[in-house]
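Engineer: Dock chain B against the given chain A, drawing on the hints supplied.
Chain residues, written in single-letter form:
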Amino acid sequence: DEEVPLTEPSKAAIHNKEGLLEKLEDIAWPENADWIHRLTVDYDLPADIDVNDDLAREMSFYTQALDGTRQAFEKLQAMGLPFLRPPDYYAEMVKPDSHMLKIKGKLLEEKKKIEEAE
Amino acid sequence: AVVEKKSDLPVFRNKEKVLVTCSRRIIYRYRHLMLNIVSLLPHCKKDSKVESKETKGATLNELVELRNCSYCLFFECRKGKDLYLWMARSPGGPSVKFLVNAVHTMEELKLTGNHLKGSRPVLTFSSNFNNEPRWMLMKEMITQIFETPKDHRKAKPFHDHVFVFSIVDDHIWFRNYQISVPHNETDKVDHGGLDKMTLIEVGPRFCLNPIKVFGGSFGGPTLYENPFYVSPNQIRALEKRKKAGKYAKKVK
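Chains as they are written, first to last, in our numbering: chain A, 1 to 118; chain B, 1001 to 1252.
Bound conformation, chain A alone:
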């Protein structure tokens, strides 16, 4: 799983910026595709994230998600659209109940272990 990048960039590598921009123009959605179709938010990352520091990296992803959600929800709220699931709305979830039970079981087991250790 270890990845060793080249330290020197290879000089022969193709980088056709105009071609890339042309393609972008080709595939981009029309101008009247409103934000509601995209639901995208940008986030300024702190400049110096050490990729090998798992905690710092995950924290930056978490902050990006949290900040992005706040911005998106503010926009949705301003548009007067509902965005939060009401507590009495039940529907199929992405992880089935059987899987969530397993997760619960594991959490309880861990809790028990900690208590026993104390």
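Hints in this document: simulated from the structure, not taken from any laboratory. Careful, some of the hints might be misleading.
What the hints assert, rightly or not - Heads up, simulated DSS-like pairs for lysine-lysine below, C-alpha to C-alpha not over 30 Å straight-line:
| hint | chain 1 | residue 1 | chain 2 | residue 2 |
| --- | --- | --- | --- | --- |
| 1 | B | Lys1046 | B | Lys1015 |
| 2 | B | Lys1049 | B | Lys1154 |
| 3 | B | Lys1117 | B | Lys1150 |
| 4 | B | Lys1045 | B | Lys1056 |
| 5 | A | Lys11 | B | Lys1045 |
| 6 | A | Lys113 | B | Lys1110 |
| 7 | B | Lys1196 | A | Lys104 |
| 8 | B | Lys1056 | B | Lys1212 |
| 9 | A | Lys106 | B | Lys1081 |
| 10 | A | Lys106 | B | Lys1110 |
| 11 | B | Lys1154 | A | Lys104 |
Said to hold, decoys possible - To give an idea of the chain A side of the interface with chain B (calculated C-beta under 10 Å), a few residues:
| hint | residue |
| --- | --- |
| 12 | Asn32 |
| 13 | Thr40 |
| 14 | Leu66 |
| 15 | Ala78 |
| 16 | Met79 |
| 17 | Gly80 |
| 18 | Tyr89 |
| 19 | Lys95 |
Note that CB positions come from ideal geometry on N, CA and C, so glycine has one too.
Structural biologist: Structure of chain B alone, referenced to chain A:
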């Protein structure tokens, strides 16, 4: 009073459909990752495995057309250990080939979040996606692939999860979090509720290393090559050679 339409363009509707498939002899871990992605994209169609050989591009393009899709995600597993991901717009291109690293599937028990199946995700991008043409192109492709079309028949009208696409160290990192907001008695969310918002990771996790961008779908002119990319095969060969050297020294 009737509001006049602002532009002459017809009303936009997102009709993107994504074909998701993988190569033969894919290992279970990567197949689970693919199935996780399928469960996150209600607007995708899954197809049976495709042989990973030179002519796979033509086969895949045909499949995409047959299934009436506009995008293809192809998970290509080589040597039972390396995973490559193709993101292709078909038929006109472009396509991007990635090496996939740091895979964690949704089945892992340490990721405790959960969310509605089919709810439309909020997409967050790190702003360095806007710095280079190649990242801008990938951002547009990712948006079109990963955002569930509004009013899709399988979509739900609430937003309870968020995707992270973040460029760190020239790799695109993906995360999926459940958005958890404590409920007030009245159910109408004011800012008080939103301030207490927390996120719980749902998974999957993966990290994409772009290798090449092509002008066509699964081929065509190369528009970008990652100048720092070394294939996993080369890395393994290098390691083997190092070990071989050690032994020769010992013998002397």
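Engineer: Are the hints correct? Go through all of them and say.
Structural biologist: We went through each hint and held it up to the structure:
1. B/Lys1046 with B/Lys1015: The given pair, whose Cα atoms are some 17 Å apart, holds under the 30 Å limit.
2. B/Lys1049 with B/Lys1154: holds (25 Å)
3. B/Lys1117 with B/Lys1150: holds (15 Å)
4. B/Lys1045 with B/Lys1056: Measuring from Cα to Cα gives roughly 18 Å; hence the hint holds.
5. A/Lys11 with B/Lys1045: violated (40 Å)
6. A/Lys113 with B/Lys1110: Roughly 16 Å separates the two Cα atoms, so the pair holds.
7. B/Lys1196 with A/Lys104: Given pair lysine 1196 of chain B, lysine 104 of chain A holds - Cα atoms ~23 Å apart, limit 30 Å.
8. B/Lys1056 with B/Lys1212: holds (17 Å)
9. A/Lys106 with B/Lys1081: Distance of about 29 Å is within 30 Å: holds.
10. A/Lys106 with B/Lys1110: OK: lysine 106 of chain A and lysine 1110 of chain B at ~9 Å, within 30 Å.
11. B/Lys1154 with A/Lys104: Holds, because 28 Å separates the two Cα atoms, which is no more than 30 Å.
12. Asn32: holds (5 Å)
13. Thr40: Since the shortest Cβ distance to chain B is 5 Å, the answer is holds.
14. Leu66: holds (6 Å)
15. Ala78: violated (12 Å)
16. Met79: violated (12 Å)
17. Gly80: violated (12 Å)
18. Tyr89: holds (7 Å)
19. Lys95: Hint holds; lysine 95 of chain A Cβ to chain B Cβ min 5 Å, cut 10 Å.
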